[in-house]
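S.K.: Residues per chain, in single letters:
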Amino acid sequence: MKLTIETGKRSPQPRQYGKLTVDVGEKTVHTGNIVPGSPLPQAQAAKRVSNQPDNGNIPSRPSSNLVHTADSILMKMGQKISLNQKFSDLSKILLTLEWELNHTVNQKLDLDISIFMADAAKKTKEENFIFYNNPISRCGSIKLKEDHGVGVKEGYNETVALDLSRVPPYIQTLAVTVTIDQAEERGQNFAQISKGYLRLIDAAAKKEILSYPFAEHLSAETAIVVTEIYRYKDEWRINAVGSGFKGGLAALCDNYGIETEL
Amino acid sequence: MAVSLKKGQKVDLTKTNPGLKKVLVGLGWDTKKYDGGHSFDLDSSVFMAGENGKVTGDGDFIFYNNKKHASDSVTHQGDNLTGEGAGDDEQVKISLDKVPPLVHKIAFAVTIHDAAERSQNFGQVSNAFIRIVNEDSNQELIRYDLGEDFSVETAIVVGELYRHGSEWKFNAIGSGFQGGLAALCKNFGLNVD
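Taken in sequence, the protein lines are chains U and C.
For the first sequence, the working numbering begins at 181 and goes up steadily by one.
For the second sequence, the working numbering begins at 2 and goes up steadily by one.
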């Protein structure tokens with residue numbers, strides 16, 4: 181399978197990362213369901229509001245009226261939590277992202293979620309690299325911009341629907357990463373983002389299990405690993421990572437073993 | 002074939018290996034390869050404690066600035082700044098027969114240098130281990146892989162050699178502290194500024 185990542189408009193030359201072509205042509209808008217020129221869907225509208233400079237008000241938690249947050253665990257960088265110890269039958273979950281831009285940012289800034297489904301040898305088959313041009317995994321365990329139909333995706337900048345029971349047994353790690361669209365061209369990096377939160381939600385119960393402020397320690401990165409959800413013995417665990425690379429998506433592909441030709 | 006230990010497990014060292022005098026203690030770890038933040042520098046250190054679990058003086062704390070104990074029994078082989086590659090990242094050599102009688106425990110610790118300033122902890126470190134090798138035969142006797150035992154800690158006591166009657170045993174301790182090397186020093190009765 182040939183994957184094409186299209187990021188931006190500047191150069192007509194596709195960049196080749198081994199077999200992975202990063203075509204720097206016009207970005208196809210995610211799943212293709214959104215036709216350029218059509219009215220903005222609600223999620224996009226919400227994103228615009230959050231991109232407004234912070235005027236000093238305490239930011240409202242967009243999730244608060246959509247899901248129960250009372251027992252949510254606030255994770256620290258590096259922390260590891262067993263997802264199955266507290267919630268033994270947890271399978272259908274949502275990962276959500278929200279963020280705000282610092283005062284100094286006047287430009288548009290877009291973040292994209294990608295998930296690497298890596299095996300025990302830390303290798304990712306191309307078909308198991310889930311990103312905006314390959315938004316649903318073959319096994320059906322990962323769906324970008326979905327929410328298991330529970331109707332909360334409008335409340336967040338980005339959502340991913342995960343079904344852990346459908347992840348193939350040979351997949352060891354789901355690495356949830358975030359990249360800035362056209363970071364290099366626009367001179368953007370993660371120093372311009374504040375109040376970035378990753379949340380993990382039990383979809384059936386509409387209950388937030390944990391949140392992680394991932395943007396606190398970031399500066400020159402343009403591609404980060406927000407979290408890794410991984411198998412340990414018979415359970416799933418989550419590790420709050422929040423570290424990254426200056427080299428964009430290509431550096432992430434290297435890190436998660438998408439084969440590249442030198 | 003080395004004995005593989007779990008956290009909290011204790012095994013005999015000299016009883017099952019009669020005549021063992023010189024051991025090499027190898028410590029290793031991998032840090033993830035992010036280039037956006039700070040690099041990792043992990044340090045190993047050794048506390049030579051009495052029966053009460055405390056050291057008698059600064060000289061019983063063996064680390065990168067005090068590599069050799071006065072008794073010649075414990076020698077730190079030096080600091081590795083990157084933790085790159087497989088195998089041991091840092092090593093400590095011990096002559097069991099030269100350990101002063103008052104020393105009952107030799108504890109091995111790993112700390113993250115400047116952890117607080119660099120926002121680092123053991124949740125970002127993988128494949129950490131300690132192994133005890135017979136220096137004369139180069140045979141690995143004991144191994145403890147720390148694996149999933151740590152996350153937000155910045156200093157850990159990996160394990161300790163301790164006297165049991167006339168023998169030496171090893172305890173895979175694996176207990177962590179959040180206050181870095183300073184917290185560890187306090188634990189072993191050392192005053193630090």
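It cannot be assumed that every hint is accurate.
As the list claims (entries may be wrong) - FRET-style restraints, in silico, Cβ to Cβ:
hint: 1; chain 1: U; residue 1: D299; chain 2: C; residue 2: E118; range: 29 to 37 Å
hint: 2; chain 1: C; residue 1: S176; chain 2: U; residue 2: I253; range: 17 to 25 Å
hint: 3; chain 1: U; residue 1: K302; chain 2: C; residue 2: Q78; range: 24 to 32 Å
Quick caveat, the hints were computed from the structure, so don't treat them as lab data.
From the three backbone atoms N, C-alpha and C, an ideal C-beta is built for every residue, glycine too.
S.K.: A separate judgement is required for each hint: does it hold in the structure or not?
M.R.: Now the hints, each set against the structure:
1. U:D299 <-> C:E118: 29 to 37 Å: Between U:D299 and C:E118, where Cβ atoms are some 35 Å apart, the hint holds.
2. C:S176 <-> U:I253: 17 to 25 Å: 23 Å, holds
3. U:K302 <-> C:Q78: 24 to 32 Å: 30 Å, holds
Comparing the model with each numbered hint stated earlier shows that all of them hold.
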